[in-house]
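As they're listed, the protein sequences go chains D and P.
Heads up: the first sequence at position 193 corresponds to 193 in the working numbering, and the numbers run straight through without jumps.
Heads up: the second sequence at position 136 corresponds to 1136 in the working numbering, and the numbers run straight through without jumps.
No lab work stands behind these hints, which were simulated from the structure alone.
Hints are not guaranteed to be accurate.
[To be verified] In silico EDC-like pairs for lysine to aspartate or glutamate, Cα to Cα no more than 16 Å straight-line:
no., chain 1, residue 1, chain 2, residue 2
1, P, Lys1129, D, Asp18
2, D, Lys197, D, Glu162
3, D, Lys17, P, Asp1131
4, D, Lys177, D, Glu162
5, D, Lys242, D, Asp252
6, D, Lys229, D, Glu256
7, D, Lys262, D, Glu302
8, D, Lys65, P, Asp1131
9, D, Lys143, D, Asp16
[To be verified] Stretch by stretch, here's where chain P covers chain D in the computed footprint (C-beta under 8 Å, at least three residues):
no., segment
10, 42-50
11, 122-135
12, 249-258
13, 282-288
[Claimed, not checked] From chain D, some residues computed to sit far from chain P (all C-beta separations above 12 Å):
no., residue
14, Lys17
15, Leu92
16, Val94
17, Tyr105
18, Glu148
19, Ser179
20, Asn180
21, Phe225
22, Asn270
23, Val276
24, Thr292
25, Glu300
In this text, a Cβ means the ideal position worked out from N, Cα and C, and glycines have one as well.
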Amino acid sequence: MRTAFINALTELAKNDKDVVLITGDLGFGTFEPFEERFPGQYFNVGIAEQSMIGIASGLAKAGKKVFVYSIGNFVTLRCLEQIRNDACYHNLNVNLVCQGGGFTYGALGMSHHATEDLAIMRVLPEVTVVAPSNSTHTEQAVKSVIMESGVSYLRLEKDLGENETSTPFKLGFPDYKSSNSDVLVIAIGSIVSEAFKAQTLLTGIKKISVLDFHTLSQYDESYVFNTIKKYKLIITLEEHQKVGGLGSVISDLIVEKQLCIKLKKMAINNKLISEVGNQSYLRKVNGLDAITLVNLIKSELEID
Amino acid sequence: MISVKIANRVRKHSVDMVHRGKSSHIGSALSMVDILAVLYTDFLNVSPDNLDDPERDYFILSKGHGGASLYATLAEVGFFPVEELSRHYQNGSPFSGHVSHKGIPGVEFSTGSLGHGLPVATGLALASKIDGRSNKVVVLVGDGELMEGANWEALLFAAHHRLDNLIVVVDRNRLQSFKDTEKTVALDPLDKKIDAFGADCLEIDGHDHEALYRTFSSTVEGKPTVIIANTIKGKGVSYMENKVIWHYKFPDEEQLKIAHSDISRGLK
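When you get a sec, could you build the whole thing from the sequences and use the hints?
Below is the structure:
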């Protein structure tokens, strides 16, 4: 998705000299052509995330449209107060881009697991939080968030090509794959692929619909309400802690709208992970894979 | 000098505001009054008429807790009516203890958590360089605030990018939350540290208006300027000067009278 991001940004920068990319010394092998082509629109601030957000905010205050790129926790947790006070309170066009959502960098260890970012970013008022599931949506998301005033957070992962879609990305409107069912799986990020795998595994047994909930905050509430209201069972699936992420968003909505829907949350069970493994391994051991999803659906519906 | 008259009025407003609001940080507000007065009367190209002009000079108060005297300075130089100052720290008002830009003309940036102003000012200065503007960006930081690492990150960056349109003023009143900065976590030799980071470091008496004006106007090419302005916390009020307790207390009726009389006659 990183390549999709820089491709989209290159197109934007070509037509608008106020588009600026700030990196916290990451993006080796990807950003060099951008740097060469757009001097004055690319700055590597070095390994200094707190001042990175301050500098980005100053640039945005002077009219720049800024993208700030780093790895998961470095562009969120390390500089959270700068995001809140400098960028959010001043409603600046600062777009935070995290490479490595969830367990993307699984084997690198706990420091590189971005597993609280969605909750933390969405609690900041008016921050648009987006986690695309594929590269096509990533390109379109980049072009969408720059049009919005204020702060956005874009959570990127590796695209394994499992979530190709012909549906265009529409900010705030989740991508709905309906299949005439009473069971809906709502997922965010590349883990949507596990929902599609479950769909295949359940062929001939049970139909399920899938909602790719790429815009976690600032989404169109009435569209989501109208989409989910008819379901009897909803399962949320996210590579994130159970508290505060997608599961919480949907459970809040169900309660506030007084919907009579059973909700099950598949998420990390509120712990920091020390076990080493790649993304698919860590999904499996944390119960976030297609098999676990299939078993959950079967047990909820009492299917043998 | 007009700035001296403004400074006196700002000091009186500040003690009044803190008294009325039963608020804190009067010592920090008073130590920077002369710096603000010179900036807003003689140096900064900013006025109520050019607040949306990208060519205006920018000022950011990073030590947001001293906000009372910034509000008072802005009122005195005409950004909003002086009567508005009576709303400081009152329910329903925009004039928070730590400086906020919302609904207050002239405040460029909201602060309150320390170590935020210099990075933001660095971004503003960089934007001016990118777009070829010749305006200045001035940021006022506290000395204790320099313990925040983000300042040094930003200073590295500003020196690397030769941001000579950036002026950092350090309100060196030497007092922080409990005691002297040097007895907390020593900053000295501060000038050498700043020099080593690649900025042009100057040191002056932060209450000497002529020296302040001269120094603001003497930036060098290719380097950010850092001015260590040696000040007295609580400057101008006899019983507040160099007393850490006035980081917290507000003057009562009797103390307020003494403060006014001290400010009127001008302490040496």
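Structure-based check of all given hints:
no.: 1; hint: Lys1129(P) - Asp18(D); in the structure: holds, 13 Å
no.: 2; hint: Lys197(D) - Glu162(D); in the structure: holds, 9 Å
no.: 3; hint: Lys17(D) - Asp1131(P); in the structure: holds, 10 Å
no.: 4; hint: Lys177(D) - Glu162(D); in the structure: holds, 15 Å
no.: 5; hint: Lys242(D) - Asp252(D); in the structure: holds, 13 Å
no.: 6; hint: Lys229(D) - Glu256(D); in the structure: holds, 12 Å
no.: 7; hint: Lys262(D) - Glu302(D); in the structure: holds, 14 Å
no.: 8; hint: Lys65(D) - Asp1131(P); in the structure: holds, 14 Å
no.: 9; hint: Lys143(D) - Asp16(D); in the structure: holds, 12 Å
no.: 10; hint: 42-50; in the structure: holds (count 5)
no.: 11; hint: 122-135; in the structure: violated (count 0)
no.: 12; hint: 249-258; in the structure: violated (count 0)
no.: 13; hint: 282-288; in the structure: violated (count 0)
no.: 14; hint: Lys17; in the structure: violated, 9 Å
no.: 15; hint: Leu92; in the structure: violated, 10 Å
no.: 16; hint: Val94; in the structure: violated, 10 Å
no.: 17; hint: Tyr105; in the structure: holds, 24 Å
no.: 18; hint: Glu148; in the structure: holds, 20 Å
no.: 19; hint: Ser179; in the structure: holds, 48 Å
no.: 20; hint: Asn180; in the structure: holds, 50 Å
no.: 21; hint: Phe225; in the structure: holds, 33 Å
no.: 22; hint: Asn270; in the structure: holds, 28 Å
no.: 23; hint: Val276; in the structure: holds, 31 Å
no.: 24; hint: Thr292; in the structure: holds, 42 Å
no.: 25; hint: Glu300; in the structure: holds, 47 Å
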